[in-house]
Every structure is written in structure tokens, then in C-alpha cells.
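Visitor: Here are the chains, one letter per residue:
2 protein chains.
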Amino acid sequence: MPDYRRLRVALLGAGAVGSQVAALLRLHSAELADRASASLELAGIAVRNLDAPRETDLPKELFTTDAESLIVGADIVIELMGGIEPARTYLLQAINSGADVVTANKALLATHGPEIFDAADQVGAQVYYEAAAAGAIPIIRPLRDSLAGDRVQRIMGIVNGTTNYILDRMDTEGAEFADVLADAQRLGYAEADPTADVEGYDAAQKAAILASLAFHTSVPLESVHREGITGIDKAMMDAARHAGLVIKLLAVCERLRDGDSESISVRVYPALIDRTHPLASVHGANNAVFVQAEAAGNLMFYGAGAGGVQTASAVLGDVVSAARRHIAGGVGVGESTRANLAVVPIGQVTTRYQITLEVDDQPGVLATVAGILSEGRVSIATVEQTVAGEPVPGGGTAPQTPENTARLVIGTHKAKEQDLSETVSRLAGSGVVERVVSVLRVEGE
Amino acid sequence: MPDYRRLRVALLGAGAVGSQVAALLRLHSAELADRASASLELAGIAVRNLDAPRETDLPKELFTTDAESLIVGADIVIELMGGIEPARTYLLQAINSGADVVTANKALLATHGPEIFDAADQVGAQVYYEAAAAGAIPIIRPLRDSLAGDRVQRIMGIVNGTTNYILDRMDTEGAEFADVLADAQRLGYAEADPTADVEGYDAAQKAAILASLAFHTSVPLESVHREGITGIDKAMMDAARHAGLVIKLLAVCERLRDGDSESISVRVYPALIDRTHPLASVHGANNAVFVQAEAAGNLMFYGAGAGGVQTASAVLGDVVSAARRHIAGGVGVGESTRANLAVVPIGQVTTRYQITLEVDDQPGVLATVAGILSEGRVSIATVEQTVAGEPVPGGGTAPQTPENTARLVIGTHKAKEQDLSETVSRLAGSGVVERVVSVLRVEGE
Chain A
998 MPDYRRLRVA LLGAGAVGSQ VAALLRLHSA ELADRASASL ELAGIAVRNL
1048 DAPRETDLPK ELFTTDAESL IVGADIVIEL MGGIEPARTY LLQAINSGAD
1098 VVTANKALLA THGPEIFDAA DQVGAQVYYE AAAAGAIPII RPLRDSLAGD
1148 RVQRIMGIVN GTTNYILDRM DTEGAEFADV LADAQRLGYA EADPTADVEG
1198 YDAAQKAAIL ASLAFHTSVP LESVHREGIT GIDKAMMDAA RHAGLVIKLL
1248 AVCERLRDGD SESISVRVYP ALIDRTHPLA SVHGANNAVF VQAEAAGNLM
1298 FYGAGAGGVQ TASAVLGDVV SAARRHIAGG VGVGESTRAN LAVVPIGQVT
1348 TRYQITLEVD DQPGVLATVA GILSEGRVSI ATVEQTVAGE PVPGGGTAPQ
1398 TPENTARLVI GTHKAKEQDL SETVSRLAGS GVVERVVSVL RVEGE
Chain B
998 MPDYRRLRVA LLGAGAVGSQ VAALLRLHSA ELADRASASL ELAGIAVRNL
1048 DAPRETDLPK ELFTTDAESL IVGADIVIEL MGGIEPARTY LLQAINSGAD
1098 VVTANKALLA THGPEIFDAA DQVGAQVYYE AAAAGAIPII RPLRDSLAGD
1148 RVQRIMGIVN GTTNYILDRM DTEGAEFADV LADAQRLGYA EADPTADVEG
1198 YDAAQKAAIL ASLAFHTSVP LESVHREGIT GIDKAMMDAA RHAGLVIKLL
1248 AVCERLRDGD SESISVRVYP ALIDRTHPLA SVHGANNAVF VQAEAAGNLM
1298 FYGAGAGGVQ TASAVLGDVV SAARRHIAGG VGVGESTRAN LAVVPIGQVT
1348 TRYQITLEVD DQPGVLATVA GILSEGRVSI ATVEQTVAGE PVPGGGTAPQ
1398 TPENTARLVI GTHKAKEQDL SETVSRLAGS GVVERVVSVL RVEGE
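Chains A and B are the protein sequences, given in the same order.
Reminder that position 186 of the first sequence reads as 1183 in our numbering, one-by-one numbering, no gaps.
Reminder that position 75 of the second sequence reads as 1072 in our numbering, one-by-one numbering, no gaps.
Chain A extracted, bound-state conformation (with noise of 0.2 Å):
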């Protein structure tokens, strides 16, 4: 092996990817140094507790508490911890100690991202973070360098899972929410408390790490609108499938325009998209990222959202990068915030919707729900009537429906979200309708 310079590895963290990287590191060390001109000698691992057991065999004498002492006089400090305190005050440290960085922890950099960028620049550090928004899909270099010198219009992303995982198997079996939330967790796809994956949260920091980056915007968290998928049922998912839709979590990042103005929306929740859209045929577990650019057209990024040592790759690949910026030297490159495009708040977005409603089954209720609509600035695409039991175009019945009521399926054109929810409410008190069944947005090209 050449005589190649060496560099200090810390890594905080032997959690599932923690001690994946730490094994491959030791393993594919020749080669990992042939890639980065650098010796990578890893210097410790930093756990909460020396005796917790490993799921790879590490040397016991590389474990330490001390993860202080561990940051000094790292050339590169690898943050596994996940949460945002101490990995905070780590990173932080880290960067004011000369190391560059390497993070997976998408909730730290959703919250405190410009303050660690920022703490970056100020010593011309850099902070690598592929693994933080679709787990082993290269995305973050695609949108930071690839694509930097094209427009970025819009970003569908399934980028959880988890309920990637739940949503396809209803869709596929036929099963209801509950169900399959229980085996995903027996599974070990979902956590004991499945909170930040089916509310929505998990995707939500993804998503404005995701739109910081493909609109050169700080997007604060906060600016994110979040649902989950705990309100989809199987009636939904049935009558999406009879439709030709599914229904995906998607995190959508878009860039918005009225006049010479430009602002974005970000925004997660569950959505009705066609099956021949290619998101439809991201199945099980697995991510993609689906990006519309100006030049570029339509691009896909396919891959493994999440798992230990699939995410250790993207981790290692930024480890090689940052040993081979240390190698060549200069100033890191920060992160290109100055668009400042401002963050609009969901009520002013605009989406197709799909509205299911249950209404009286007598001659003017129509009428009367396209007068209302009318009036909400609602404009309506196609209407479909069921009666329960009949057959439904696509195939199966109409769903059962109490008696005297008769199930209208509402698609619309483009409108706004606060109109659209005005409107829905307007419905509901009407006296025609006796039950909003669902309302969702439907999303594609």
C-alpha cells in the first residue's frame, strides 16, 4: 500500500449504521484508502454505555464514554447518534475543532441546520450528509452539484419507509391500517412508538432538507405541513385502486410562481397518484425521489430508504469524500442558501383534490353540491354517482352506503387549499350531505 496520509476517524454512534460503518471501515480499509489517497484509521466510537450489546464484533478497546476527548484531533467526526442533543453540541464542537463532518441525523439538520452551515463556513469545514434524506439513494450530491445549475420546479418524494411498507401492502392485500401497522412492527419495519414514521414527521424533516437544497432556501421545519396516513382506510385504498390511483405518503417540495414572484411549498401528506406514474411502482420498504427540473426533465432516484448497512454506504461515501477534500485542501463549499424564497403556508397552495361524499339519494342534491362548489371557487373535473352494490367502472361494487344516501366521488380541477377546505366545510353543513367520506389531494404531472 502507497505511503497515503492518515486521517483520524471519530465515530459517535454503534447503533444499526453506527457498527455498519465501523465494520466497513476496518474492512474495506486498503481499498477505502486507495479511493481517498488517505489512510482512514477509524480512532473510537463514542456509546452511552461501554456494555450494551454490538451486532458486529468490534475491538472492545476502539469503544469509549469520553466523546470529548474522542472529537479532538479528528480529522473527520461521524455522527450516528440520531436526537438533537449531544449531537448538537458534538457536531458543533467538531467543526470548531477543524474536522469535517459526516451526519445522518436528519431531525438535527431540519432544526439546527444553518447553525451547524454556518458554524462550517466560519472555519471553511464541510458537513457531508447523503445518508440524512433517502437513507442509501444518492440524492443530496444530485441536487447540490448536479443540478445547481438548472430550476428545480418540483420534488415528489416517498422518503419513509415505513409507510411506504403500510401503504403497499394495504393497496396489495386488501388489509386495513391497523393490521398492518402490527406485522410492520413484529417486522421490525416499525418502531414500538410508530409516531415519527406514520405521522408524517420522519418525511417532514427529509422534506426540508430536500427543499433546502433544490431551491437554495433555508426551510425551516416549521414551515413544513404535515399529515400522516393514520385516517387511510381500506374503503380509501379499495376505491383509489378502482379508480386506477394509489394512494403514497409523498413529500412534495414546489416551486411556486405568480408574476415575476417566486415562493415554495413543502408539504407531506398522503396522496392519490396514477398508477402509471413511476412513484406508483415503489413498492415495499423502498424510496424514490422524483424530481421535474427546468432543463432536465424528469428524473427518478430509486433505492433503499433505510436499513443499517445500506445506509452505511452513503455514510462511508461521504467519509471518502471528506478525506479526499483533506487531501486536496481549500475551504469547504457551504451550503447556497441566497434564493430566500419564502415558505407559503398550505392554505395558499393548489392541488387537484378527490372529495367522497355520502348524500341524500333524491333528484337536485347534485345540483345543489355543484352550486356549492361553484361558489367555492371550486372547479370540478368529474363526478361519478354510485349507488351501493352496483358495479363501478374498474371493476367491483359501489361500497355499501346507509340507506337513502347515495355515494358521490367528486374529482377537481387545480384549486386553492384554503377554498377547497372552506368548501368542504360548506358541504358538510349543507343539509344534502349526510357525511364527508374523505378528501385528498391528488398529485402528478
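It should be emphasised that the hints constitute simulated quantities derived from the structure, not laboratory data.
All C-beta atoms, glycine included, are put in the ideal place defined by N, C-alpha and C.
You may find that some hints are simply not true.
[Said to hold, decoys possible] Computed spacing ranges between beta-carbons, pair by pair:
1. B:G1185 x A:S1258: 50 to 58 Å
2. B:N1337 x A:E1065: 39 to 47 Å
3. B:T1379 x A:G1012: 43 to 51 Å
4. A:L1024 x B:D1176: 26 to 34 Å
5. B:N1337 x A:L1024: 15 to 23 Å
Got chain A sorted already, so can you dock chain B onto it with the hints?
Guide: Frame of chain A; chain B shown alone:
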């Protein structure tokens, strides 16, 4: 606009891509400056003929026939002339005069890559070429950086839009090669002389570039096995469809292992893949690169593989990267080619095959055929014998064969190419085989 450092950008070539690059550089100059932290000043555009018609409205005074003077003093040189000379000479001149270079020239990189990369290493310059492998699809940075800590096992790429367009229309419309080619030429999807595309030369150049990056090895273009699609006819397409398969022109880059020793195979040929494979749903002139890595698992990158404005997006991303590097300082990061893996000849490669034969319709023929295969170390996975006009699995009827003959479709397990081709020769001369209808590789997981 902040007072950014000014960087002089020289553009060589004003064809479909070059004119778009020039137009976008000017249109988005303020935005690009914010992203690069540098003002990108288009110093001039070198062309062969000042009076040639241009696709976009660019000021006359930008154009010059004196490329060498334009290169002197440029910070970034964009080479979009294509071809080997004078592109090679200009690129080397640019590198030696201290510029970073951006190129989309796959022919040049596939044949003179090492010379150009070495020249850049000598002076600490950087060569950017995101547009050279798959048009607008970000694949260079993912392979070069994001997967730098992983071990790529295999790449299967649809990297030529023209051939995918032709094969896709043959598949979906049941058309013949010659008719679709003529149509593609009329529509501008294929050149008047389609050789570079339909004979796989373009795909082979891209395969050499992708394999070099993925396996950290210089891959000479001569070591890439190359076959085109001119031998694919409607009958093969129909047979593939009936079997749940589709024929795609694939660039396959594969890591091979024999005990402790490793080598690679790089090959371009039309191959059968299962219709459920993600690559099977790449339609029209689109491209996609499917990557299998040891840790990351399966990844796919999808988008437009050609087109002036699409390719310009990738070029401009490189220009912004080059500008950021200029501002950050430090030397360029050279290509990682120290793995130096040997590229094995096609005869040593193992894949699965589908062999279609017309055989005498008499007892004992299958036994004879099976015996020849077995002697040749080719193991049979499936056999299907059809009689002309009878229904076949997957729908339709078996193709016509001459009187007193039957059709045998043999699917093999993995066999060595050399064994397979010797065995097919023996089959052809065996007396019981009237005609070898087709021999196709089967790729996939």
C-alpha cells in the same frame, strides 16, 4: 448582487448542447452566481464556422474561430465540440493553462481518459463530465462520490436513447426494426448514419466510463465487448413478450470473483430481461442506470439520456461545481483507478441464455440436443417445444416453422460464453438442428 469574484468561462462548440449552455448561462447568470459564489462570465464561444445557423439568439460578438486564444486566461473551459481532435488538444491546452474543464465528450473520455486525467492531476485541475455517461441523469457523482465507500457489484444501464426508442416501439407496436429506424430518423431520434447508436458504439463508450468509475480501474474502450441491435427482429421481440421478457440494449459492468482474485467484465449487447425488472419499464428515448452495490443494495437512476437542454443541465451543474472549487481553493481530486482490475474477454463471462432452434420433428431429437448441451457444460433450466400454429403459454400461437420441424426454446442456467458458443456450433452441425433461430443472453438479478 454581492461583489462576487469573476470567473471567465470559455465555451467550445455551439451545437444542440452548447447553444443551450450559452443561453442558460446568460439567462440565469444572477442565480448561478449566488449558487457558485462567483460571477460566471461567458468570455466567448469557439466555433468552426461563424456563419452557421444557431438555435438560440446569442450576441454575434461572443463567437470566434480562435479557440486557442479563448482558452488562454479562461478559468473554466467547457468542451462540447465532440469527436477526438481538436477537442483533445484544446482540453489539454486548457488544463495546462490552469483551467478546470467540463466536457460531455464520451468518445474522447473513453479513448483518451487516462491522458486527460493525468494531465489534470499534474497541475491540480479537475475534469468534470456528468453529461458524458447518461445525459441529464446524475450518475457520475453518485458513482464517483456517493458510492465511493461501497463496492459496486454490477451496473446494468440503458444508456442509449435511440436504441431504446427503437426496441420499445418494436415491443409495443410489433413493428420491424427497419421501419422503426426509418421513423426514428424522420423524427430526429436517430442520425442519418445510425451506426454509432444501433451498433452499440455509443453505449460502449458510456460503459467504459461507468465501469472505470464503478470499479476504480481504467477500462480501455477496446476491452468493452460490443454488439448492436440490428440482428433483433419482430419474431424475437414477439417471442420475448410471450415469455414475459423484453429485449433491451444493455451496458453491463460486472465485478467477477474467482477465489480471492477479482476481475471485471464490461459488455454491451441486446439482452432479455424480465418484464418486472425496473429497467423493463424504461420507455421511449429515456435512459436508466441500475446499480447493485454490496452495502447500498439496488439503486436506479432514471431520466433523459440525451437532448440539448437536458444535457445542458448536467453541463451547467459541472460549471457551478468547477466555480465552487475555484472559490474554495485546493487542488482537484483525481480519478480513483488504483484497483487496476483486469477486464476479462467475453468468452470468460457467464450469463444465462435463451437458445431458439428449429429442429427435426421426430422422436429422440430432444435427447440429442440435451446431450450436446450437457457435453458442452451448458445446463438446461427450461425447455419448451412448440409446433407451428399451436397455442403457447403467455398467449398467441407458436410461430410458423418449415414442414416436419418443431421449435425448441431452451433457457439455460449460467454458462460460460465460450462453452455456450462452442455448444451452439455443435448444435448447428448436429444434423437434427435445421436452424439456430436466435441466441440471446438473459440478464437480471
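Visitor: Now tell me, hint by hint, if it's right for this structure.
Guide: So, going through the hints one by one against the coordinates:
{"no.": "1", "hint": "B:G1185 x A:S1258: 50 to 58 Å", "verdict": "violated, 37 Å"}
{"no.": "2", "hint": "B:N1337 x A:E1065: 39 to 47 Å", "verdict": "holds, 42 Å"}
{"no.": "3", "hint": "B:T1379 x A:G1012: 43 to 51 Å", "verdict": "holds, 45 Å"}
{"no.": "4", "hint": "A:L1024 x B:D1176: 26 to 34 Å", "verdict": "violated, 54 Å"}
{"no.": "5", "hint": "B:N1337 x A:L1024: 15 to 23 Å", "verdict": "holds, 20 Å"}
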